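Undergrad: Residue numbers (the numbering used here), protein chains in the order written: chain A, 53 to 507; chain B, 38 to 342.
The reader is advised that the hints may include incorrect statements.
Just some of the chain B residues that point at chain A, by a computed CB distance under 7 Å [what the hints assert, rightly or not]:
1) Val72
2) Ile86
3) Val89
4) Leu107
5) Leu120
6) Leu133
7) Ala140
8) Ile146
9) Gly147
10) Lys165
11) Asp224
12) Leu322
13) Ile327
Sample of chain A residues lacking proximity to chain B, with all beta carbon distances greater than 12 Å (derived) [what the hints assert, rightly or not]:
14) Ala67
15) Arg132
16) Lys146
17) Phe182
18) Leu223
19) Thr291
20) Phe310
21) Ala311
22) Ala333
23) Phe340
24) Ala356
25) Asn373
These are calculated hints, taken from the structure and not from any lab test. This structure is a prediction, so every number in the text was calculated from the model and none was measured. We put the CB at the ideal spot given by N, CA and C, even for glycine.
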Amino acid sequence: MASGAPAKRVDAVRALRDAGVTALLTFGLFLPLIGFQTVTDVRNDLILNTRWPLLFAVVALVGFSRLAYSFAIEPWLQNRALKPAVEPAAWRGKVARWIIPFAIGFVVAYPAIVLATAGFGRAVKWIDNFGIQVLIYVMLGWGLNIVVGLAGLLDLGYVAFYAVGAYSYALLAKTFGFSFWILLPLAGTLASFWGILLGFPVLRLRGDYLAIVTLAFGEIIRIVLINWVDLTNGYAGITSIPRPTFFGIPFNADDDGFAAVFGLEYSPIYRTIFLYYLILALAFLTAFVTMRLRRLPVGRAWEALREDEIACRSLGINTTNTKLTAFAMGAMFAGFAGSFFAARQGFISPDSFTFLESATILSIVVLGGMGSQIGVAIAAVVMIGGTEIMRELDFLKLVFGSTFDPTQYRMLLFGLAMVLIMIWRPRGLITTRQPSVVLKERKAIASDLVKEGHG
Amino acid sequence: MEVFLQQLINGITLGSIYGLIAIGYTMVFGIIGMVNFAHGDVFMVSSFIALVAFLLLVSLLGSSSIALVLFVVLIVAMLFTSLVNWTIERLAYRPLRGSFRLAPLISAIGMSIFLSNFVQVTQGPRNKSIPPMVQGDFVLFTKNDYPVTLSVKQLIIWIVTAVLLVCFWYLVTRTRLGRAQRACEQDQKMAALVGVDVDRTISMTFVIAAALAAVAGTMYLMYYGVVSFADGFVPGVKAFTAAVLGGIGSLPGAVIGGILIGLIETMWSAYFSIDYKDVAAFSVLAITLIFLPQGLFGRPDVEKV
Numbered sequence: 053m054a055s056g057a058p059a060k061r062v063d064a065v066r067a068l069r070d071a072g073v074t075a076l077l078t079f080g081l082f083l084p085l086i087g088f089q090t091v092t093d094v095r096n097d098l099i100l101n102t103r104w105p106l107l108f109a110v111v112a113l114v115g116f117s118r119l120a121y122s123f124a125i126e127p128w129l130q131n132r133a134l135k136p137a138v139e140p141a142a143w144r145g146k147v148a149r150w151i152i153p154f155a156i157g158f159v160v161a162y163p164a165i166v167l168a169t170a171g172f173g174r175a176v177k178w179i180d181n182f183g184i185q186v187l188i189y190v191m192l193g194w195g196l197n198i199v200v201g202l203a204g205l206l207d208l209g210y211v212a213f214y215a216v217g218a219y220s221y222a223l224l225a226k227t228f229g230f231s232f233w234i235l236l237p238l239a240g241t242l243a244s245f246w247g248i249l250l251g252f253p254v255l256r257l258r259g260d261y262l263a264i265v266t267l268a269f270g271e272i273i274r275i276v277l278i279n280w281v282d283l284t285n286g287y288a289g290i291t292s293i294p295r296p297t298f299f300g301i302p303f304n305a306d307d308d309g310f311a312a313v314f315g316l317e318y319s320p321i322y323r324t325i326f327l328y329y330l331i332l333a334l335a336f337l338t339a340f341v342t343m344r345l346r347r348l349p350v351g352r353a354w355e356a357l358r359e360d361e362i363a364c365r366s367l368g369i370n371t372t373n374t375k376l377t378a379f380a381m382g383a384m385f386a387g388f389a390g391s392f393f394a395a396r397q398g399f400i401s402p403d404s405f406t407f408l409e410s411a412t413i414l415s416i417v418v419l420g421g422m423g424s425q426i427g428v429a430i431a432a433v434v435m436i437g438g439t440e441i442m443r444e445l446d447f448l449k450l451v452f453g454s455t456f457d458p459t460q461y462r463m464l465l466f467g468l469a470m471v472l473i474m475i476w477r478p479r480g481l482i483t484t485r486q487p488s489v490v491l492k493e494r495k496a497i498a499s500d501l502v503k504e505g506h507g
Numbered sequence: 038m039e040v041f042l043q044q045l046i047n048g049i050t051l052g053s054i055y056g057l058i059a060i061g062y063t064m065v066f067g068i069i070g071m072v073n074f075a076h077g078d079v080f081m082v083s084s085f086i087a088l089v090a091f092l093l094l095v096s097l098l099g100s101s102s103i104a105l106v107l108f109v110v111l112i113v114a115m116l117f118t119s120l121v122n123w124t125i126e127r128l129a130y131r132p133l134r135g136s137f138r139l140a141p142l143i144s145a146i147g148m149s150i151f152l153s154n155f156v157q158v159t160q161g162p163r164n165k166s167i168p169p170m171v172q173g174d175f176v177l178f179t180k181n182d183y184p185v186t187l188s189v190k191q192l193i194i195w196i197v198t199a200v201l202l203v204c205f206w207y208l209v210t211r212t213r214l215g216r217a218q219r220a221c222e223q224d225q226k227m228a229a230l231v232g233v234d235v236d237r238t239i240s241m242t243f244v245i246a247a248a249l250a251a252v253a254g255t256m257y258l259m260y261y262g263v264v265s266f267a268d269g270f271v272p273g274v275k276a277f278t279a280a281v282l283g284g285i286g287s288l289p290g291a292v293i294g295g296i297l298i299g300l301i302e303t304m305w306s307a308y309f310s311i312d313y314k315d316v317a318a319f320s321v322l323a324i325t326l327i328f329l330p331q332g333l334f335g336r337p338d339v340e341k342v
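My request is simple: use the sequences and hints to build the entire structure.
TA: In structure tokens, the structure reads:
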């Protein structure tokens, strides 16, 4: 207890009562679905199993957590509220200045670090599952950030453009044999064309309605991909999509393959490292273009549109063009990411482009703090990296028994994390905004001055 | 003609289920202006609760007194689902009230992911199918060897939906709670000033929404006899479409919108292509929002500076 503030005693009776009520509530909540389990027996009939120990463990856990909250966390929170706010220490400013160069250095050196620490054999997994996977979402997050964070247009169907990019690359590369480097810009162009096409009908919509219509468009595209079997091969997807080459040198074990040409022993890791730097370059391109666009008239028009559409129109900004360019730019980067995805996987199917993907990307943008590129990158690392890490937690098997499979809980915790982060920081991780134009001195805009868009 | 009549019967049945879910969307949107993304998954959870209750009762009572079993299952599902939705509102939405506009939406999407995965983890990823609860149907008439039938299941759905809608209509228009709800919908601050407990009213709105979703969930389980953890999303979006079509915020609109969506879907499947039936529903959603954003019965949204 702090000496200055009057020490408030914890009311034990109230704490116990709260814990009891919470435990009772938890019992009621989880009785049907944790207390009972529906399983299929040998005759293929559905029967019920009971899981009382698990149910009571959960109830006890929640009850004790509530008790701990009353006795430990609540007094601490009250004490903190009583203390005067401390000035942020000077070192925080210095850290903030160095964090971006450090992060860039880290991601550039990441494959080397992994190779040095994890060894040659395990490095592929860490670079591929972790590095490339996170970077794809960083790039998608930055792309959607243009639409949602800068222009304030809530898009829940972003994965549609990702799908357009992926299928464009896969189909064109397989049918006509074009190389990755020709098809990358082409896929981006096609995706941005779709962005404009789907943007046109929704120009009048705003906020939640816009989100729902874009969701509907995303689902329609997915259903078409499933059912247009002649073109897309339906659920079965497209297999053996050509891989990108290193300036014409393929990554295979042949005599003219990458390893042979450079006199190295053949290993799949070269392709993985190449793909890692490819997506890194694409992600940096997205960030760089966005940063430059923010300073152009169109970028400022986006941000003006986010703040107030009516004011925007009264100032003579063409809101139609502004919205469409935002959709097109966002969709273009999704198209790039999509064609990279198809080239990396070598296989695509409609299963990769579900609503859950759109929701994930949007949540990365919002959790990062709309408009903040660093925030989006951090959110992508936390959310995607966090769920990928879940695959590696084999030691949990020692705690919970060998049948315990941590990967099952990935999306469960993902959803929970979305809710908790929103409650903890409703405006996202990084809430301050850097103005794109400054007069005399650079000032960050505090979060309470930032108005959200209604566009 | 006989095919059309049969599809009409099927469509109204499906539409009743959508309508019951749609009321939940429209009420919540009306009162706190938020699209409750998790509502479809609350419906799915209610279906699972009904499944557990049904299996438990059948093993206790035997399947002889099916009417009693069905009634108890319905009540149990309504109670537990209400508790679930009350808790969700309390934990995931209430802290975000009056906060940044997108925050509750993201929180609801997170809740939706959480709920479907919770059911997947606790009950397993496979489809759960049960033997038909209610059997038998009435042949209304036969023409060209095509019998037009109304099954007992469909009749039960119609009757239960109608009875509940009457109760619900009474609750909203004639009781103190309904009055408080309508007051909060118009102006929360003013309602609070004249002594309406806004927090409690919003909680009760979620409870009622969940109870109606639970009715839909039980009926869904009875009608199809199969449910899976992934069954929340598509019915949820379709019910939302129904709410939008009827005019979001309008309660009769939600029911009529639900029946319309049910009819559109069954007619589309019967006459065009069953593969693209979801496209039909999603297109209706997009077209309505673009050309008729206030829906059939909604108030137009006036933009003010």
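Undergrad: Each hint: holds or not?
TA: Hint check results:
{"no.": "1", "hint": "Val72", "result": "holds, 5 Å"}
{"no.": "2", "hint": "Ile86", "result": "holds, 4 Å"}
{"no.": "3", "hint": "Val89", "result": "holds, 5 Å"}
{"no.": "4", "hint": "Leu107", "result": "violated, 17 Å"}
{"no.": "5", "hint": "Leu120", "result": "holds, 5 Å"}
{"no.": "6", "hint": "Leu133", "result": "holds, 6 Å"}
{"no.": "7", "hint": "Ala140", "result": "holds, 4 Å"}
{"no.": "8", "hint": "Ile146", "result": "holds, 5 Å"}
{"no.": "9", "hint": "Gly147", "result": "holds, 3 Å"}
{"no.": "10", "hint": "Lys165", "result": "holds, 5 Å"}
{"no.": "11", "hint": "Asp224", "result": "violated, 20 Å"}
{"no.": "12", "hint": "Leu322", "result": "holds, 5 Å"}
{"no.": "13", "hint": "Ile327", "result": "holds, 5 Å"}
{"no.": "14", "hint": "Ala67", "result": "holds, 19 Å"}
{"no.": "15", "hint": "Arg132", "result": "holds, 18 Å"}
{"no.": "16", "hint": "Lys146", "result": "holds, 30 Å"}
{"no.": "17", "hint": "Phe182", "result": "holds, 21 Å"}
{"no.": "18", "hint": "Leu223", "result": "holds, 20 Å"}
{"no.": "19", "hint": "Thr291", "result": "holds, 22 Å"}
{"no.": "20", "hint": "Phe310", "result": "holds, 40 Å"}
{"no.": "21", "hint": "Ala311", "result": "holds, 41 Å"}
{"no.": "22", "hint": "Ala333", "result": "holds, 30 Å"}
{"no.": "23", "hint": "Phe340", "result": "holds, 26 Å"}
{"no.": "24", "hint": "Ala356", "result": "holds, 15 Å"}
{"no.": "25", "hint": "Asn373", "result": "holds, 19 Å"}
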